[in-house]
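Each chain is listed here by its residues.
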Amino acid sequence: MSAELDMRQYLDLFLQEAEEQLEVLEQETLKLEQDPSSERLQVIFRAAHTLKGSSRAMGFQNMAELTHEMENVLDQLRNGELAITTPIADALLECLDTLTHMTAGIRESGADAYECKALVLTLQGFVGEIPATPATPQTAQTLQVPVVQLSDSEQAALGAAKSQSPVYVGTFNLDPECAMKFVRAFMVCSLIEEQGELLVTVPNREALEEEEFDHSFTLFFQTKTTIPALEVAFKGVSELRSFTITEWESQDGPEVNSAEQESNSGEDSSTEPVVAPVAESSPAATAAPAAAQAPTAAKQDPSKKQDAGQTVRVDVSRLDNLMNLVGELVIDRTRIAQIGHDLSARYEDATIDALGETVSHIARITSDLQDQIMKARMMPIETVFNRFPRVVRDLAQKLGKDVKFEMFGGETELDRSVIEVISDPLLHILRNSLDHGLELPSERTEAGKPAQGTINLIAKHQENHIVIEITDDGRGIDADRIRRKAIERGLVTAEQAERLTDKETLNFIFSSGFSTAAEVSEVSGRGVGMDIVRSNLQKLGGIIDLDTEKGKGTKFSLRLPLTLAIIRGLLVKVEGVVYVVPLGSVIETLLVNSSTIQTVKKQEVIVIRGMTTPLIRVKAAFSTGKKQKESTEDDLYVVIVGLAEQRVGLVVDSLVGEQEVVIKSLNRYCGDVKGVSGATILGDGNVALIMDVNSLVA
Amino acid sequence: MSEGTYMSAEVNTRTEEQAVVFLLGQESYGIDIFRVNEIIRLREITPIPKAEPHIRGLVNLRGKTIPVIDLNVRLSLPNSEDSDATRIIVVDNDGGHVGLVVDGVREVVTLEPQQVQDAPAMVSNLSEEFVRGVASLEAGLITLLDLDKALVA
Numbered sequence: 011m012s013a014e015l016d017m018r019q020y021l022d023l024f025l026q027e028a029e030e031q032l033e034v035l036e037q038e039t040l041k042l043e044q045d046p047s048s049e050r051l052q053v054i055f056r057a058a059h060t061l062k063g064s065s066r067a068m069g070f071q072n073m074a075e076l077t078h079e080m081e082n083v084l085d086q087l088r089n090g091e092l093a094i095t096t097p098i099a100d101a102l103l104e105c106l107d108t109l110t111h112m113t114a115g116i117r118e119s120g121a122d123a124y125e126c127k128a129l130v131l132t133l134q135g136f137v138g139e140i141p142a143t144p145a146t147p148q149t150a151q152t153l154q155v156p157v158v159q160l161s162d163s164e165q166a167a168l169g170a171a172k173s174q175s176p177v178y179v180g181t182f183n184l185d186p187e188c189a190m191k192f193v194r195a196f197m198v199c200s201l202i203e204e205q206g207e208l209l210v211t212v213p214n215r216e217a218l219e220e221e222e223f224d225h226s227f228t229l230f231f232q233t234k235t236t237i238p239a240l241e242v243a244f245k246g247v248s249e250l251r252s253f254t255i256t257e258w259e260s261q262d263g264p265e266v267n268s269a270e271q272e273s274n275s276g277e278d279s280s281t282e283p284v285v286a287p288v289a290e291s292s293p294a295a296t297a298a299p300a301a302a303q304a305p306t307a308a309k310q311d312p313s314k315k316q317d318a319g320q321t322v323r324v325d326v327s328r329l330d331n332l333m334n335l336v337g338e339l340v341i342d343r344t345r346i347a348q349i350g351h352d353l354s355a356r357y358e359d360a361t362i363d364a365l366g367e368t369v370s371h372i373a374r375i376t377s378d379l380q381d382q383i384m385k386a387r388m389m390p391i392e393t394v395f396n397r398f399p400r401v402v403r404d405l406a407q408k409l410g411k412d413v414k415f416e417m418f419g420g421e422t423e424l425d426r427s428v429i430e431v432i433s434d435p436l437l438h439i440l441r442n443s444l445d446h447g448l449e450l451p452s453e454r455t456e457a458g459k460p461a462q463g464t465i466n467l468i469a470k471h472q473e474n475h476i477v478i479e480i481t482d483d484g485r486g487i488d489a490d491r492i493r494r495k496a497i498e499r500g501l502v503t504a505e506q507a508e509r510l511t512d513k514e515t516l517n518f519i520f521s522s523g524f525s526t527a528a529e530v531s532e533v534s535g536r537g538v539g540m541d542i543v544r545s546n547l548q549k550l551g552g553i554i555d556l557d558t559e560k561g562k563g564t565k566f567s568l569r570l571p572l573t574l575a576i577i578r579g580l581l582v583k584v585e586g587v588v589y590v591v592p593l594g595s596v597i598e599t600l601l602v603n604s605s606t607i608q609t610v611k612k613q614e615v616i617v618i619r620g621m622t623t624p625l626i627r628v629k630a631a632f633s634t635g636k637k638q639k640e641s642t643e644d645d646l647y648v649v650i651v652g653l654a655e656q657r658v659g660l661v662v663d664s665l666v667g668e669q670e671v672v673i674k675s676l677n678r679y680c681g682d683v684k685g686v687s688g689a690t691i692l693g694d695g696n697v698a699l700i701m702d703v704n705s706l707v708a
Numbered sequence: 793m794s795e796g797t798y799m800s801a802e803v804n805t806r807t808e809e810q811a812v813v814f815l816l817g818q819e820s821y822g823i824d825i826f827r828v829n830e831i832i833r834l835r836e837i838t839p840i841p842k843a844e845p846h847i848r849g850l851v852n853l854r855g856k857t858i859p860v861i862d863l864n865v866r867l868s869l870p871n872s873e874d875s876d877a878t879r880i881i882v883v884d885n886d887g888g889h890v891g892l893v894v895d896g897v898r899e900v901v902t903l904e905p906q907q908v909q910d911a912p913a914m915v916s917n918l919s920e921e922f923v924r925g926v927a928s929l930e931a932g933l934i935t936l937l938d939l940d941k942a943l944v945a
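These protein sequences, in sequence, are chains A and B. Be aware that the first sequence starts at 11, since it is given in my numbering, and climbs by one per residue. Be aware that the second sequence starts at 793, since it is given in my numbering, and climbs by one per residue.
Honestly, the hints are just simulated from the structure, not real lab data. Just so it is clear, CB atoms sit at the ideal spot from N, CA and C, and this is done for glycine as well. Every clue listed holds true.
Facing chain A, from chain B, some residues (calculated, C-beta under 8 Å):
no., residue
1, 858
2, 859
3, 885
4, 890
The shape of chain A in the complex, shown without the other chains (with noise of 0.2 Å):
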């Protein structure tokens, strides 16, 4: 097949999957060193072996090269030949990087030009002498010719071939699902090419480049090695699910004729007694739906959760755009709702209760909408996690540190605006944690704690919120220490310091350009890092909050917004502005009479059913300047509002209502606000503000 075919086409396709394969890569590789179970290994062989052969497919050959290594070392260890070790996990580790690095390349420049040689003789060194055996052949031979029409060109050419040497027929019956046919047929042929000389084509060339065949195509062909390595050889070609070689025999026209009939009538049964069972071993048989596959597609590693045909993958922006216009449609709701009432409250109208009855329909049919583009939106945070225990445990290799680091709550889900901004602060901490945090072996030991450590990442619901914390059973983190080097700094004088709590102290590691680190390291040190992690999480909304204990460990809570797009909201009223309160923080709003406030150490608070509850009068945390009277109705609004475990109440004018609201940022122009989240446009048209309890607390 000529090289100057067009397969950018076909690119994307290959760049898809091979992103996908590595992530499987990636998520196994990872914890065959614990759990080297053949299973396992078998996912790994089978993600290596299907690069493998689309990268071949596709002519890069470094890529093709490098995963044929690997899969030769798989395939040892996969039979017991080899044992998993360290400098083996690490080699695997490395090809994973230099496949993404190649993969990127290919994206960006479309060739994999990347240096893999040392790393190709690394893997040609642990498979040492033994030569690479890759799945015992089980094809059938010596079966019957399958038979296909040729033109007497054809014929009389493979008959002076065969004169010289003997002239092979391979049928090839490629998976229904297959996406790339051509690709596939392209994989076969080049693969002949390689070891031999392609003959013939059945269907011709141009009618398989145009991918007009079903799913089986024959060739002929000559070859200078052996019919079982080629077997071999085929087996490595992706979505093929079988084939038949068997050695060609020149027909006379008679029996061409009759044999052509056999064919039309349908390749797949013409060939079915002769079906070798390559799909057992090629993992692209996982792409087909089991029903009515051959019965080796229902033996799909269930493992393999990934089901290429469900999904569809979507820009983000599109997602997003999607997010606006519903956001926009639920305000228009809003408003039709509205004045949907104003009419009926004016008119007695059957048109009236007509539209009453649609109004009511359409808020039915946008808050599905809402909650289904929400949930399209959401992503487990699993996908953030994923890529952490590659980066601890390189990172403890390095630094000579032992760790156990564990992950829980991987399937919570949340916005995928969130989960983008998450990774990097997540990953800081983890860093920190495992340099700064975490002892040396020996250190631990003598401190009387097992010598390996402990790294926990936990993500949870927390009311409308997500919960993520880090703790590591290291060394603390010392106030004293932070204490002397922020005054070191000239962040604060000796006499500030003093008076710092030592929770006040700790706030200093977020500030930037801050490091206790004797030694600026490769890892940290550099006092970017937790001013990147304050940054991000102001940028959602989040807190974080840091609880530490000299000798016993670290805990750092990281409490993000479950999505930044659509809350429900309670309006209430205060000197005749509307603000909206986010009703997942809302325990109840209660109407108090003012002489049952009380003042502890000159904080109003009530009593509400034996808890004393703090007071906060909004008027005057939100004056906007005006000169305010004192209150004195006799009866409050008060709404109670949950902070973790604190509850508060907050003193509003009058309560509105209730309402969706879709949240708008702040735009930058106006800074940070304390005591406001976000704006909203209710269903009049006019902008009000989001309250945020946290800071009207804080």
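Use these hints to put chain B onto chain A, whose structure you have.
Then chain B, alone, in the frame of chain A:
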């Protein structure tokens, strides 16, 4: 009040510039027309508590919330009451929109380079850092504002 719809009929050359001229108090000010997105009537502004004094609040501009600043306050000019002539000039700022409350919009003028001079050392009572230059027209002086500086929060 031409609401900024008047355009110069002359063909622009590269050296000319066009400015939207508006009033703050009784004085005329100009900003680069390319920064002006639209001019809207005063509408309900939702105040933002505890924000900088020159930030009047937020308005709804076709489903988007945009911050509105009071140029009088921003430039430390005497406060003026809102009137029928009060307008909000919506300008592009750093990828977003910001509204400027002004006491009226007069016209769009085309300025020849020779009409624009550097700001005199002392420009009335205006914080001079925001001034890019002064244009003298027959109708009087126009103080050209440097929007980027004026909008830095």
